[in-house]
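Colleague: Using the hints, put the two standalone chains together into the complex.
Chains as they are written, first to last, in the numbering used here: chain A, 1 to 890; chain B, 1 to 145.
Residues from chain B that face chain A, not an exhaustive set, calculated with beta carbons under 7 Å: (1) Y60; (2) Y82; (3) E90.
By construction, these hints were calculated from the structure, which means they are not laboratory data.
Beta carbons are placed, not taken as given, at the ideal position from N, Cα and C, and that holds for glycine.
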Amino acid sequence: MSDTPRWRRYLRFWGPDAAADVDDELRFHLEMRERDLIAAGMSPGDARVQAEREFGDVRGIRATCVSIDERQWRQNHRREVLDDMLYDLRHAARSLRRSPGFTLAAVVSLALGIGACTTIFSAMDALILRALPFPAVDRLVSLAESTRACDKCSTSLGDYAALRAQQRSAFSSVAAYREWSGTLDGPDGAAMLSGERVTPSFFSVLGVGAAIGRTFALDSAAPGQAHTVVLSDRLWRSRFGADPGVVGSTIEVSGEPYTVIGVMPPHFALGSPADLWLPLTVTAAQSGDYESHGWGIVARLTDAATLDGARSEVDVISREIVSAHPTLDQSTRLVLRTLSDDMLGELRSYFLPLLAAAGFVLLIVCANVANLLLVRASHRERELAMRAALGGTRWRLFSQLFAESALVAALGAMLGAVLARVAIPLLKHAIPVASRSQVPGWTTLALNTRALAFTAGLAMLCALVFGTLPALRASSRALTMRLKEGGRGATRARGGRTRSALVVTELTLAVVLLAGAGLMVRSFANLLGANTGLHAMHTLTVSIETPAHRYDGAATGAAVTERLRAALRAIPGVIDVAGAWNLPLSGTRNYTVYNVAGRPPLPEERAPRATDMFVTPGYFAALGIPLVRGRDFTARDDSAALRVAIVSQALARRQWPNESAVGQSIVVNSERYEIVGVAADVRNDGVEDEPSPAVYRATEQFGGAPSSLIIRAACARAADDCDPAALTAPIRRVVASVDPDIAIGAVRTVPQLVSDYLTPWRLLMTLLGAFAAVALVIAVVGIYGVMAYTVAQRAHEIGIRMALGADRVRVLRMVLRQATGLVAAGVLFGALGALGTTRALSSLLYGVSARDPKVLTGVIVLLALVALAASWIPARRAAKVDPVVAMRAE
Amino acid sequence: MYAYLLCTSNVDGNAALPAASATSATATSPAMPTTPLDLLQGTLDLLILKTLAWGPAHGYAIARWIEQLTGQVLTVGEGSLYPALHRLEERGAITAEWQLTEHNRRAKFYTLTSKGRQQLRAETAMWAQFVEAMGKVLRATGQPA
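Just chain B, same shape as in the assembly (with noise of 0.2 Å):
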């Protein structure tokens, strides 16, 4: 389980982002624009993993879902999509399978195991539980004692 960490803004293309753990330490940044919210670093691999609890899915199709769902406000960036479903996939969270679309293509479709669904509910607890804390202090109308 790693924590979450506020990502850095304004990331240029060769600054290391704040390790979030271990694993990502060989990961480069992303060269992307600002994004209109940078994403708090280890709520992509949450959203990933809650996008495949749908079903099998391709990266490109990963990356569409997220921005849909959450009406454009987060764009994930290829840059760390890619590295990050990777790492799930070392990780066990994901497999990957080489199949093919609608369309007739070939792509590398990523499915949940078992133990990423268990990282998944475990992830969405927690995320619930953060949110519900910051929420209580941002909402907090007096100084505490």
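Pulled out of the complex, with its shape left as it was, chain A reads as follows (with noise of 0.2 Å):
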């Protein structure tokens, strides 16, 4: 048997064609059986006849061997080729353990990387792109009404039943849908539940069936089904341990019975998750009901339909009705936006300067890689031009020298989805648990499978990107280069301007990445600055569920209020408490408009506006709110007395900027309401909102119990041993002991209500700070790199110079010139790509400006600071140099 290089090299030269070779061997066949039958006595004629036609289908058996041929061929190249990749992988494993510090830092930032890139990308699945799961989510619309005052409200039953009777072309189906609230019986006591209260076309519009039983019957008429209610899956697996068997049976819903028809598939949810479904049928009264909003109307486009053909009919119907209704704010539009501007349109803007910022760094990281591989082939020179000489193709060298950078990425890319299995988590659970129903989608945020395939996609990319460059050129000086030349000279300069152009490219996406990151820095030192008209440090706050059937009406509303502050007040620890219908800071607002009296009515159109709060005696006190002037509330401000108000400082100086509001009366709804106090002003909407005019009104004249309880602590002072978290277990507690059936959320206190408020600002600074953090440390190792290994190529010249004469200061500088040049590129390209790219984040930013010229200042400033400082070290090293032993070394 013949050796294997023989072998190989046989079939290199005859492999790829079969077919000459099968010609050469059947030819000598018959050649020989030609001349055998001459020797016998045949003439040369007849024995040429003869050895063929002994011989047969020449023809058939050639195309037999060249077909095995072929395949062997193939096969044994096949074999080849993974013979190569495997021995260079294995080649690249062992060379990458030779240089430890180099693969070292080549897969711990490509981990940084592309851990930074899988996070944001696993977020951006989950929240965004698979938020909605819903079948041709491109043909679903939402529709707001819009007002001069409010571009964004909600709707009324009345708008939803004109768009069902009049919808034309655009509508194959509408569905109204509102939040709601309520509480389940359980062996535990009552739990707290949301779900939406929604028409029975809910489910077909979004084109989602129950995945056990069914959902509502879309005839309205159809017998019980107002008494019927579709669970969530989450809701039947907590609560009824996944039986089927619940299909059918009947649970108490807020103290009522209804009968369990369907459960819907996991992830269901319309934006919010929803525990629950209840049916909803619109009557006669409803539908002509233009005033009650707090309904969402989704609605399925036809096959035909466009976005505005559609908006142009809803406009035609949102005419018809204001000029119909003379009393309605005659500015008033129903607006038609697609679902996923909707429910994920802020939400879009969070993530598109992640998204480039994530790409920032991972373009850092690459430029960095890059570099790394650069210095390192060129330190390789004299090894590649022996593996040349010795025979091995450009071809070779290339894929020997991508092996290593494919292994280094593939190392990469496994550190980062590890990095990114840790950081999602944290990144899910940094979005509070009151927010969470803000987040369509945060259930399913988890790193899957989908993440994982980009991340190897991204490996690959990386790779290519930084592996490309390296390897050719390293593959074609190495054939180039003579091998005695593979010594150092005193200017070997080449490769040195495309490292310099990648250091550059670092340092300005740092200065991108670190003006963004400072620009958010800035302007939530200015939202935690920002006076929200909240000073209650030690002030609870938790959202309560009553069964409304029970509690209905102003006495019995009143009522239990009643029982529930005096129970609560009980508590050791407890001042005052408070409740309100909602909270500041909550994300919802609502609005009212309202007229003084005494002046002459404006149409709803042009009335002012101002927030519309309903409180119980105690509120301000309890949240820190000062009275300026006048009264608070009081229990004898009941349903029997006279209508009062209190409003914001902000409306009194807008109404009675030269005279006491205190005194004069406002109308609302057509009701007269006498203001007996002023508070001070309140961030209610936002934050980031300067405060609006308010009005607040006594919950207990209108009856029906609070929805959210407002519980002041005692503290002497604002120090730590006091903590008013330790009050939530004889808070729930005793409100379970004055009815079992009222549930109870989570408690917060005032603060923190502010923070979880500051959330999307919050988790955007700390992502943008960690990823300009780790874009500064590896923009400032690759500056290192480059200066480091200039020296160590220049050490012999620098050696002649010293020689010659040049000092060690002169040295130090030449080195320092050459490492500032560096910098002010890159800040200067990074100064004006920052100016270019900030303003993508103005609408996120709060009391700064996108060009803020003490962030852009103190960013380069930092940069140049550490860059030039990481240059130093390398810099020393050349004016240490020992002229005598550079030059002696070559």
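Modeller: Spelled out as structure tokens, the structure:
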């Protein structure tokens, strides 16, 4: 048996031309036979004919042999390629093990870049791309009311009925829904539930059917429909042990019996996750009601309809509505948005900067690894030249070098996936409990297979981006370079320009990221410093849900509120208890229009607007809102008493700039309220919004129990030994003792309320800050690496210079001058880039301009200082070069 | 390892041989006049391997040797010889190399590999068993109980 190399050389030579090979072989056979026949006495002509006849079907045999040979060649070729690849990978692994410093730097920086991208991609996948799990989601639209003062307000059932009645071509179906909260009786007391009350068409509009059982019958007159309920997968699992038998059974919802008719598939939700869905049958009276808002409308467009067509149709309908009802705000229009714009528009605005930042980090990382590989390749020129001289083809050299970068990328991707695996749960739980309902898809946020595939794809891309260039360059150089040149020359500047460009790129991107992070930090600091108007460090807020049917009406509502307040006040450490229907910074904004009594009433669209709040006595004291004039509500302001209101300073200033508001009256919904007090301004709508005018009314005058309790805890001083959260357990106990059917939500302190509200800014700041920090470190490592390499390469030259009389300071200056050039270029491009890109953040900034000079200057100074400090180390090394040693080393 | 199947006699030019193994499915049948004794499919491989056990040889020599050794009883059609050689090469039982003959002509010489040697041993043993078993039946005098 011949040895392998000869075998392979044979294959290389003959393999591709199997046909010629077979022809030669068969011709040899025929000639031999001919010769034998001639030797046996046959004439040459007869011998040829005889030989061919004996042989038979030459072409058939030839074809068979050729096809066997070709197949064999292909197999061998495949095996060889595979062998080469394995060999390259083994070789790459060995050579990476030999330089742990390079490997560690490259793998860790890649892992950071890939980890960042994977985290952001996973989040975007769950929160944006798959947040709306409905078929043909691009055909789904939502409708909102827009008026002069509010561009995205909830709709009324009148709007819904009008859309349904007049639907012509654009909509195939329309559904209305409204958030609902209630209680579910169970063995461990009442649990608070959130859900939606929906028209029966809700599920068919969204295009999702029940996983078990059915959804509501479209025929609203279906008997018994009113007391049926559809459960979410989550509630079905958590409260009913995933028992399919629950369908058909009766459960107590808010104290009333409902028959379970179906269970929805996992993760079915329109926006905020719901526990259950209750049917809504729109009555004739509701169909004509354009005043009661709070409803959402979702509709499915027909296949033929366009968004613009649907918009103009909706516009016609809303004009008809206002012209038929002169008392309505005449500026009201129904506005149509795609469901994804409506539900995810705000989240998307957060993701744009995050995606860009993660991409920048990855670019910096790739530039850095490319640089490391370039430096590494130039250290190995001798080795590569040797291999080329020994017969390595360019392709073999290239693929060996490429194998190294592929291996580095694979390791980086693995470590990056681990990082993302750690980071994603952190990110997930950084979204506070209270805000999760506003993040559709929160429950599905996890490192998933799609994200992993994405990671792998990124790793491949990285390998291509940073592996190709150095591999091409090194493999071509190795071939063109003669071995003896492998020494070091005095001015080996080749590749230096590429390396400098890569470092400048890194610095540029780092400046942009730092500027973005700096803006977010400033804006978050401004938000933290903003005066919300709430001065209550030790006040707790808690949402409660009272069974509505039991406490309906003013008297019973007031009674249960009074009992709750009395019982809670008895807890040691509680000073006072107040209630409200709506907490500040809750995310929902309620507006009302009002007129000043005694002045000519304005039509609704021109009447002034105010934030609409309903509170109990003690509310202002509990939240630390000073009453600048007049008095608080008292227990005497009940449903029988004269209607009273407290207004905010902003409102008072606007309407009565020169006189006291107390004693004046306003008219809301044609009822007259006497103003008894003026409260300091509060940013009810948002920390980032200037305080708007507000009207506070007393819940006791309207009835119903409050949906939030505000509990002021006793703390003599703002010291740490006073922990209001310790009151959570007693509060739960006491509420249960008043009525076990009252469900109670999360207990939060007022600072927590504010902090939860600021979550998006905090998360953005943290993520951008982390990305910027990674970018800074990598960019600084990059410039250090380039300077260190340059100094090492120029040691000989520096030695000569010093031997010729250059002193150490001059050498130091020479090296630093080069570093300064790189830093200056990076900073310049970075500043330009930052000015161009930070505008994307402007909607998220508070109290700082996207081109804030302070931030930009600070970032530039920071980067320049750190980068020059990093260059100082190799510069010092250069200055310490001993001319004798440096020159002898040659 | 493939089974020994009896080759259909009176093969015409185009009829396919019954497949002895998956790899022979592409083979076209020989357009040979009927041989004195048709080869059992698979025996050809064994004969080739045995022939090459004495040393490297080219296709023509292999064919002649087999004819001589069997006293012209078994004639090897080139139509099956060459595909068989190429298949054995593909399977790694033999290797091929271009060498010069004693008459200074370039010819493709086949050499037995160690894998081929193993195959030869195994098939020789099987062949012996087969012959013995066949013999027992054919020599039998009484009907089995």
